[in-house]
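Asker: Construct the entire structure; sequences and hints are all you get.
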Amino acid sequence: MDSLITAAAQALAVGDAVGAMKRVALRDDPPALALRGIAMAQLGDLTRAKALLKSAAQAFGPREAVARARCIVAEAEIALVSRDLTWPEKALEGARLALERRGDRVNAAHARNLQIRRLLLIGHLDAAEKLLADLDPSPLPPAARAGHELAVAGVAIRRVRTEPARAALARATEAARKADIPALAVEVCDAAKVLEAPAARLIDDGRERLLQLGEVEALLASDTLVIDACRNVVRAGSEIVPLASRPVLFALARTLAEAAPSDVIRSILLARAFRARHADESHRARLRVEIGRLRGALANLAEVKATSHGFALMPHDGRKVVVLAPPVEEEHAFLLALLADGESWSSTALAIALSLSSRTVQRALDALEAAGKVQFFGNGRARRWMMPPVVGFPTTLLLPGPLPSE
Amino acid sequence: MKTSQAEIVREYGPFEGTRNIGGVTYDGRRVWFAAGENLRALDPETGAEFTTIDVAAHAGTAFDGRYIFQIAEDKIRKIDPETGTVVATIPAPGKGADSGMAWCEGSLWVGQYRENCIHQIDPETGEILRTIESKRHVTGVTWVDGELWHATWQDDKSDIRRIDPKTGDVLERLDMPEGTGVSGLEADGADLFYAGGGGSGKVRAIRRPR
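Going line by line, the protein sequences match chains G and F.
Mapping the first sequence onto the UniProt record's numbering, position 224 (from 1) lands on 224, and the numbers just tick up by one.
Mapping the second sequence onto the UniProt record's numbering, position 147 (from 1) lands on 147, and the numbers just tick up by one.
For the record, the hints were derived by calculation from the structure and aren't laboratory data.
Note that the structure is a prediction, hence the values are computed from the model and not measured.
Wrong hints could be hidden among the right ones.
Lysine-lysine pairs mimicking BS3-like chemistry, simulated, CA-CA at most 25 Å apart [unchecked claim]:
#1 K373(G) with K193(G)
#2 K166(F) with K202(F)
#3 K135(F) with K2(F)
#4 K95(F) with K75(F)
#5 K95(F) with K22(G)
#6 K95(F) with K135(F)
#7 K157(F) with K54(G)
#8 K166(F) with K2(F)
#9 K22(G) with K75(F)
One side only, chain G facing chain F, incomplete, derived with CB under 7 Å [unchecked claim]:
#10 D2
#11 T6
#12 A11
#13 A25
#14 D29
#15 E64
#16 V66
#17 H124
#18 A127
#19 S238
Think of the CB as a built atom: it goes at the ideal place given N, C-alpha and C, for glycine as much as any other residue.
Answerer: See the structure below:
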């Protein structure tokens, strides 16, 4: 590398992004473009950073494989932090393979970590777990190691496994301490709070209380019959009946469970399951059909008994029955749950993460915005959504050094 | 053209507090290397470090028998290695796009990395006297026994090559092992080259073919 590039890279390495910019601001050769891109990312201008890194990657060309791959990885990281999930995964995987082939294990592992974080963000837990199982985190420097452990914790939390989550968070805390990046330490600390925060609401015999993740885990491990409205399944021990694609059955099961062991009169069931205000004969017929289906679905777990006024849920073997619901239930709760991570999201990214159409997400966002629950900045394709109290982009960028001599 | 594999005889470092090695030079006793924030010297026999001079050192390093010349940003500084004092400063010919540097016969020879060339300059004024074209990105430059050698690092590959100083034609080439780059180059006057190893943080001794 030449003298000014080395000087700029050295300035970047000690966090002096402005100093780095000063040295290469007027140069348009590929290493200068790459350094300017990284510097702009550190200064928070992610849009400009992405454009610079893209042109650097193109200018390096396929023969300067390492430098090019590192630019692509940096670009992917910026896309992830700005919640631009339309990032082409193939380019990142190609860059990761190129780095691995050339023996750059640190940045190859960093690229893998980004892939895992993206999968986690869009809720593809199985795929994320598979990649995690194959990743050897040992070459990662402390900062990237902290990011990796956060991903491990993220999977464990979503799988409701408290101990592995706690252990990963402890390792993340230790790695963030070693990395000595204040913003990263704060991020790990915030992530660790999740274990103490309410993870769900328990509705048990007409009373409600909030549960932490550990309590949820204990409940799911017991043989209590749980109508789980967080995942829309009915479960007892290892027996799980998924009802996510059958909302009417789930609504009936939940209504019956909230009243158990008492029965529920038909008009209430009709109102909850079909939103029918005035029940007629056809509604009653439909209710009979749906109750029949629910009976079939829950045959291994409980009986649905007809009573003189309606129906009652009777768990087998005299088991207890409870409802597990999200801590806050309101319309568009899933949207708010994603935005609660404190990042700014594009509506496209939210649509991808929730497997909903862009129009549905857009309508929901507009409603939430009107209610003052979310806010946006930017216009057109650059528009981003976030929860009101958040300022800026708190997620730490751990960008790779862009140049092969680095 | 003769080509062969570079034979790495010995490796020094990585050195505490230094991520990246730039230029390398040899004063007959000590191997000096540009370590970014400073210029460091090691004993090639024992590998022990002698001293550090606090002067920015981002690229090429050269020794004229009395003074060390060091490129940082877009300048070349002339430094007294015994006191660490900067005695003169001249502009670098590539305005900061410079990489390797060597001393020979009253001139400084400065590589310009991506422009694939080596400038012969006046060490008093920095004036460019002539320019030799190379075929590859130039990193280190050194003269030994009347031969001009320079290192290349391009497309993730590195080699050390002897070129005809008049035509720029490649006469001999030593290919570095895959994944091993040369950022700075100096001949010890006998059997060895000393080579900066860029981001590996290492200095390497490489057998010079005779």
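Asker: For every hint, state whether the structure bears it out.
Answerer: Against the structure, the hints come out as follows:
1. Between K373(G) and K193(G) the alpha-carbon distance is near 22 Å, which keeps this suggested pair within the 25 Å criterion.
2. A distance of roughly 33 Å separates the Cα atoms of K166(F) and K202(F); the hinted pair therefore is violated under the 25 Å criterion.
3. Distance hint between K135(F) and K2(F) is fulfilled; the C-alpha atoms sit about 16 Å from each other, no more than 25 Å.
4. Taking the CA atoms of K95(F) and K75(F), the gap is about 7 Å. The hint holds against a cut of 25 Å.
5. In summary, the hint linking K95(F) to K22(G) is supported, as the alpha carbons are separated by about 14 Å, within the 25 Å threshold.
6. The suggested pairing of K95(F) with K135(F) holds, with an alpha-carbon distance near 21 Å, which does not exceed 25 Å.
7. For a cut-off of 25 Å, the pair hint linking K157(F) to K54(G) stands: about 23 Å separates their Cα positions.
8. Taken as a hint, the K166(F) and K2(F) pair is honoured in the structure, with Cα atoms around 19 Å apart against an allowance of 25 Å.
9. Of the supplied pair hints, the one linking K22(G) and K75(F) holds, its CA atoms being roughly 16 Å apart against a limit of 25 Å.
10. Proximity of D2(G) to chain F holds as hinted, the smallest CB-CB distance being about 4 Å (cut-off 7 Å).
11. Because the smallest distance between the Cβ of T6(G) and any Cβ of chain F comes to about 4 Å, under 7 Å, the interface hint for this residue holds.
12. For A11(G), the interface hint is violated, the least distance from its beta-carbon to any beta-carbon of chain F being 10 Å, above 7 Å.
13. Taking 7 Å as the C-beta cut-off, the interface hint given for A25(G) is violated, the closest approach to chain F being about 12 Å.
14. The closest approach between the C-beta of D29(G) and any C-beta of chain F is roughly 6 Å, which is under the 7 Å cut-off, so the hint is satisfied.
15. For E64(G), the interface hint holds, the least distance from its beta-carbon to any beta-carbon of chain F being 6 Å, beneath 7 Å.
16. Given hint, V66(G) at the interface with chain F, holds; its Cβ is 5 Å from that chain's nearest Cβ, closer than 7 Å.
17. The criterion of a C-beta within 7 Å of any C-beta in chain F is not met by H124(G), whose closest approach is roughly 33 Å, and the hint is violated.
18. The beta carbon of A127(G) is not positioned within 7 Å of any beta carbon in chain F (closest approach about 31 Å), and the interface hint is therefore violated.
19. Given hint, S238(G) at the interface with chain F, is violated; its Cβ is 50 Å from that chain's nearest Cβ, farther than 7 Å.
Hints 2, 12, 13, 17, 18 and 19, counting from the list given before, are not met by this structure.
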